[in-house]
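Enquirer: Let the hints inform the model, and build the full structure from the sequences given.
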Amino acid sequence: MNSYQQKISMLNDEISQLKQDVINRDSDLSQLRIQYKILKQRSRSVDRTTNSNSNGDEDSGEKDSNRYRR
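Numbered per full-length UniProt numbering, the sequence shown spans residues 1 to 70.
The hints are simulated quantities; they were obtained by calculation from the structure and are not laboratory data. Possibly wrong hints are sitting among the right ones.
[Unchecked claim] Each pair of labels, with its calculated beta carbon distance range:
(1) 15 x 50: 47 to 53 Å
(2) 9 x 48: 58 to 64 Å
(3) 2 x 26: 33 to 39 Å
(4) 46 x 7: 56 to 62 Å
(5) 32 x 8: 31 to 37 Å
(6) 20 x 51: 43 to 49 Å
(7) 27 x 4: 30 to 36 Å
(8) 47 x 26: 30 to 36 Å
Since the model is a prediction, treat every value here as computed from it, not as a measurement. Beta carbons: idealized from backbone N, C-alpha and C, even for Gly.
Expert: See the structure below:
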């Protein structure tokens, strides 16, 4: 009977460790999601800045003239 109790105890310890691993990974994933959102926002901001800075270019002039033709 003692052998079974030891095995059960070992399995419970392993389960506890696995639960903690899952919690840690969940936390890591949450932080990665936050970092992804921040990078995505920065990328959009850079895209907008780049687009607004390129309005003086010849290419953007063509786009503007096309817009008025419609």
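Enquirer: Against each hint, give a clear statement of whether it holds in the structure.
Expert: Results for each hint:
For the hinted restraint 47 to 53 Å between residue 15 and residue 50, the CB-CB distance of approximately 52 Å keeps it satisfied. One distance hint, 58 to 64 Å for the beta-carbon pair residue 9 and residue 48, holds here, with the actual separation near 59 Å. Between residue 2 and residue 26 the beta carbon distance is about 36 Å. The supplied range of 33 to 39 Å therefore holds. As the Cβ distance of residue 46 to residue 7 is approximately 57 Å, the hint placing it in 56 to 62 Å holds.
Separated by about 36 Å at the C-beta atoms, residue 32 and residue 8 satisfy the suggested range of 31 to 37 Å. Checked against the given bound of 43 to 49 Å, the beta carbons of residue 20 and residue 51, roughly 47 Å apart, stay inside it. Distance hint for residue 27 and residue 4: a CB-CB separation of about 35 Å, consistent with the stated range 30 to 36 Å. Taking the beta carbon of each, residue 47 and residue 26 are about 31 Å apart, inside 30 to 36 Å as hinted.
Checked against the numbered hints given earlier, the structure satisfies every one of them.
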